[in-house]
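Kindly generate the complete structure, drawing on both the sequences and the hints.
Protein chains: 2
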Amino acid sequence: MHSPRPRPTELEARLERAKTDFARLCRAGLKIDMTRGKPSPAQLDLSNAMLTLPGNGDFYQADGGDTRNYFGSMQGLPEARALFARVMGASLERILIGNNSSLALMHDYIVYALLKGVPGGWAPWGAEGPITFLCPVPGYDRHFAICEEYGIQMVAVPLTGSGPDMDVVERLVLEPSVRGMWCVPKYSNPTGETYSDEVIQRIASMSTGAADFRVFWDNAYGVHHLTEHRSEIANLLHLSQQAGHPDRPLVFASTSKITFGGGGLGLLAASEANIAWFVARSSKRTIGPDKLNQLRHVRFLRDHNGIEGLMAQHRKLLAPKFKAVEAAFARRLQGTNFARWSKPLGGYFVSVDVHNGCAMRVVELAKQAGILLVPAGQTFPYRRDPNDSNLRIAPSFPEVEQVAAAAEGIAICIDYAVAERLSADGKI
Amino acid sequence: MHSPRPRPTELEARLERAKTDFARLCRAGLKIDMTRGKPSPAQLDLSNAMLTLPGNGDFYQADGGDTRNYFGSMQGLPEARALFARVMGASLERILIGNNSSLALMHDYIVYALLKGVPGGWAPWGAEGPITFLCPVPGYDRHFAICEEYGIQMVAVPLTGSGPDMDVVERLVLEPSVRGMWCVPKYSNPTGETYSDEVIQRIASMSTGAADFRVFWDNAYGVHHLTEHRSEIANLLHLSQQAGHPDRPLVFASTSKITFGGGGLGLLAASEANIAWFVARSSKRTIGPDKLNQLRHVRFLRDHNGIEGLMAQHRKLLAPKFKAVEAAFARRLQGTNFARWSKPLGGYFVSVDVHNGCAMRVVELAKQAGILLVPAGQTFPYRRDPNDSNLRIAPSFPEVEQVAAAAEGIAICIDYAVAERLSADGKI
Numbered sequence: 212m213h214s215p216r217p218r219p220t221e222l223e224a225r226l227e228r229a230k231t232d233f234a235r236l237c238r239a240g241l242k243i244d245m246t247r248g249k250p251s252p253a254q255l256d257l258s259n260a261m262l263t264l265p266g267n268g269d270f271y272q273a274d275g276g277d278t279r280n281y282f283g284s285m286q287g288l289p290e291a292r293a294l295f296a297r298v299m300g301a302s303l304e305r306i307l308i309g310n311n312s313s314l315a316l317m318h319d320y321i322v323y324a325l326l327k328g329v330p331g332g333w334a335p336w337g338a339e340g341p342i343t344f345l346c347p348v349p350g351y352d353r354h355f356a357i358c359e360e361y362g363i364q365m366v367a368v369p370l371t372g373s374g375p376d377m378d379v380v381e382r383l384v385l386e387p388s389v390r391g392m393w394c395v396p397k398y399s400n401p402t403g404e405t406y407s408d409e410v411i412q413r414i415a416s417m418s419t420g421a422a423d424f425r426v427f428w429d430n431a432y433g434v435h436h437l438t439e440h441r442s443e444i445a446n447l448l449h450l451s452q453q454a455g456h457p458d459r460p461l462v463f464a465s466t467s468k469i470t471f472g473g474g475g476l477g478l479l480a481a482s483e484a485n486i487a488w489f490v491a492r493s494s495k496r497t498i499g500p501d502k503l504n505q506l507r508h509v510r511f512l513r514d515h516n517g518i519e520g521l522m523a524q525h526r527k528l529l530a531p532k533f534k535a536v537e538a539a540f541a542r543r544l545q546g547t548n549f550a551r552w553s554k555p556l557g558g559y560f561v562s563v564d565v566h567n568g569c570a571m572r573v574v575e576l577a578k579q580a581g582i583l584l585v586p587a588g589q590t591f592p593y594r595r596d597p598n599d600s601n602l603r604i605a606p607s608f609p610e611v612e613q614v615a616a617a618a619e620g621i622a623i624c625i626d627y628a629v630a631e632r633l634s635a636d637g638k639i
Numbered sequence: 212m213h214s215p216r217p218r219p220t221e222l223e224a225r226l227e228r229a230k231t232d233f234a235r236l237c238r239a240g241l242k243i244d245m246t247r248g249k250p251s252p253a254q255l256d257l258s259n260a261m262l263t264l265p266g267n268g269d270f271y272q273a274d275g276g277d278t279r280n281y282f283g284s285m286q287g288l289p290e291a292r293a294l295f296a297r298v299m300g301a302s303l304e305r306i307l308i309g310n311n312s313s314l315a316l317m318h319d320y321i322v323y324a325l326l327k328g329v330p331g332g333w334a335p336w337g338a339e340g341p342i343t344f345l346c347p348v349p350g351y352d353r354h355f356a357i358c359e360e361y362g363i364q365m366v367a368v369p370l371t372g373s374g375p376d377m378d379v380v381e382r383l384v385l386e387p388s389v390r391g392m393w394c395v396p397k398y399s400n401p402t403g404e405t406y407s408d409e410v411i412q413r414i415a416s417m418s419t420g421a422a423d424f425r426v427f428w429d430n431a432y433g434v435h436h437l438t439e440h441r442s443e444i445a446n447l448l449h450l451s452q453q454a455g456h457p458d459r460p461l462v463f464a465s466t467s468k469i470t471f472g473g474g475g476l477g478l479l480a481a482s483e484a485n486i487a488w489f490v491a492r493s494s495k496r497t498i499g500p501d502k503l504n505q506l507r508h509v510r511f512l513r514d515h516n517g518i519e520g521l522m523a524q525h526r527k528l529l530a531p532k533f534k535a536v537e538a539a540f541a542r543r544l545q546g547t548n549f550a551r552w553s554k555p556l557g558g559y560f561v562s563v564d565v566h567n568g569c570a571m572r573v574v575e576l577a578k579q580a581g582i583l584l585v586p587a588g589q590t591f592p593y594r595r596d597p598n599d600s601n602l603r604i605a606p607s608f609p610e611v612e613q614v615a616a617a618a619e620g621i622a623i624c625i626d627y628a629v630a631e632r633l634s635a636d637g638k639i
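If you read the protein sequences in the order shown, they are chains S and W. Residue 639 is where the first sequence ends in the numbering used here, and the numbering goes up by one at each step. Residue 639 is where the second sequence ends in the numbering used here, and the numbering goes up by one at each step.
Among the clues, some could well be false.
Where chains are identical, the list cannot tell them apart; a pair therefore holds if satisfied intra-copy or between any two copies.
[Stated by the list, open to error] Okay, derived cross-link-like pairs now, DSSO-like style, lysine-lysine, Cα gap no bigger than 27 Å in a straight line:
#, residue 1, residue 2
1, K527, K554
2, K578, K495
3, K554, K534
4, K242, K230
5, K242, K554
Keep in mind that the hints were calculated from the coordinates and are not lab data.
What follows is the structure in structure tokens.
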């Protein structure tokens with residue numbers, strides 16, 4: 212972002228105060244990691260009952276299958292798929308449950324597409340020249356890392372506050388080399404924004420140059436509300452089918468931030484053709500997913516109300532941390548135009564846009580003060596933020612007092628970095 | 212195999228008796244599945260204590276890490292790697308533990324190799340023309356299925372009873388397009404044979420046309436003894452390193468037939484370069500493996516003695532089933548030269564070579580009698596047994612009485628099919 216310039220004397224005073232506060236901050240000897248959207252121990256405790264499940268002697272799935280053994284449905288336990296039907300916005304026939312990582316499902320879909328081609332396509336994605344994915348920015352670094360790993364070109368598309376700029380998207384997808392698009396449609400990582408119905412309708416119905424264009428719809432925060440206002444989004448699977456593009460959407464979710472980050476379930480919902488294709492590919496890779504862990508989730512969560520109830524408890528633990536960030540930023544930066552930050556209604560992140568050219572400096576200062584932030588640029592393809600402006604703050608893991616201290620520290624670092632930059636600019 | 216021909220009258224009488232016995236067999240109305248090497252419920256019961264592990268409140272790994280959460284080592288829990296160090300023949304630094312499938316680790320190594328290339332290689336395996344894998348036969352169908360899926364050409368190499376025919380292997384690997392070789396070195400699937408020290412030394416030290424040639428060493432039955440005689444094999448990792456080919460071997464194993472088929476652990480041991488490369492690749496795919504399941508295994512198995520003790524219990528359940536197969540085959544087929552079958556000292560299979568051109572007929576007859584066998588040819592690349600001779604019998608899952616009944620039935624079907632074929636041959 213660009214900031215209107217304060218008067219020189221004001222700026223000088225502001226920089227001096229920031230320097231003093233920063234020196235005090237450094238002396239405080241903080242050591243706080245705000246890099247990753249990890250659940251806190253208190254959040255993980257909410258699911259501790261799973262640690263003794265399914266229980267000795269209690270290992271049969273509903274159809275009588277022995278979850279301890281090989282085989283069964285490659286798609287996962289039917290009752291587990293039914294459990295997540297509302298979360299996924301799909302019937303259990305259109306859902307596949309893998310092991311502990313939805314990222315792995317996204318990765319594998321891409322790898323299979325590169326080597327084998329997808330339903331509706333005429334060749335493996337890797338058989339022709341380079342292909343391209345659209346990347347709404349700022350976005351999730353691990354999405355971009357998969358593209359980079361496999362030489363998939365990334366084109367950044369600006370987010371608007373209610374999803375990607377669809378005028379840009381609709382123009383870019385006419386190019387046949389564009390085969391995919393990353394989306395985190397709800398409480399997006401990191402901006403927190405939720406795609407509007409109009410945006411989702413346009414994604415479902417837009418014309419694409421490639422017949423086998425896919426939307427990687429990473430609904431990672433579908434039930435991860437932070438307030439009483441529970442954002443809902445339009446059902447991309449339904450809309451795409453209505454628009455004649457049933458195979459376009461690949462809907463992903465996981466329980467990593469519902470039950471256990473290290474021992475959750477990754478999920479995929481998609482058209483019949485996509486699921487059949489993915490099952491056929493995966494069946495070359497493995498005899499099947501860990502069914503015991505799916506049974507554990509069924510026994511623990513029971514039904515959609517069980518999921519919602521658990522998420523309400525998560526919210527109680529998370530909301531105060533987001534409030535602490537908001538309070539610290541508002542206290543120091545409100546009205547300055549040094550920074551603009553998100554006030555998310557859900558998800559795991561606060562996104563901060565500081566004055567252009569200052570993000571790397573803020574991360575560096577924070578590090579000096581013992582506050583670890585993700586490297587600036589991480590939220591952009593190839594880790595390059597053209598404006599050096601965006602910061603991603605992850606307040607979930609540390610205790611609330613630590614989050615408050617870290618947020619105040621980050622605000623000081625922003626104050627320092629931007630005042631410093633504006634002073635330098637003024638001297639040129 | 213080829214059978215010396217009995218005299219016509221003998222043969223006629225034999226065929227008549229077999230037909231009578233087959234009719235009786237069909238009336239018995241058996242329904243027995245002998246297709247897959249699955250543990251029986253009684254075997255799975257041995258690990259039921261795992262179903263309540265790690266236990267509520269007991270979720271920390273040795274270094275204090277919280278196994279419930281994201282992150283930690285991509286290689287897996289250090290204590291889990293230490294637990295399997297003897298099984299893998301490698302120190303924990305050279306071991307990686309994934310999720311519930313060692314096949315998935317083999318698959319992923321190949322997929323990464325196709326798309327990215329491997330340490331010591333100069334291009335992705337998929338970048339040049341078709342590559343080739345050597346396939347000792349009969350072998351494991353799922354190995355061959357991965358090759359078929361990705362267009363990797365397969366060349367069959369005969370097994371000798373102590374491993375592949377190394378004169379053939381040493382000649383074939385001089386071709387630079389040969390990049391890999393499948394091996395099940397101990398209690399091989401399905402022949403039950405164990406590779407001799409000499410064979411393993413030759414695999415370790417042979418000259419290959421490709422600098423990035425890899426041996427996929429699927430040691431699936433490393434501790435799966437069926438008798439007091441506990442076969443041991445030479446350490447391919449050590450021998451390859453000594454021979455100047457440290458990156459050649461990829462050693463795989465799993466606990467699917469130690470603890471739970473559906474909820475075990477897949478393992479890889481390899482050189483430092485291979486492990487670092489695989490970790491780098493996998494870290495694009497997932498934040499890490501399911502650490503809780505690794506902790507469960509550590510708490511349950513404790514140490515190598517724990518593994519050996521558990522395997523002794525498996526042996527008690529499995530050995531009588533293999534004895535039942537041996538007894539039924541000996542009773543009916545000994546001295547006939549209609550069939551030759553393995554008497555494995557370990558593993559999960561009995562391999563039967565019937566008179567050439569009769570295997571498909573045996574499977575068909577067995578099916579009529581309610582005994583399900585894997586399709587003939589399944590143990591060969593492209594599912595084509597050039598002699599139509601090999602059958603794979605999996606006696607682990609059904610109860611011992613069922614196994615005995617099935618084995619007697621299969622012996623009748625072999626008798627019938629071979630006598631029928633020899634009679635027909637005689638008439639031509």
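Structure-based check of all given hints:
no.	hint	verdict
1	K527 with K554	within (17 Å within a copy, 63 Å between copies)
2	K578 with K495	between (46 Å within a copy, 26 Å between copies)
3	K554 with K534	within (9 Å within a copy, 70 Å between copies)
4	K242 with K230	within (19 Å within a copy, 82 Å between copies)
5	K242 with K554	within (25 Å within a copy, 63 Å between copies)
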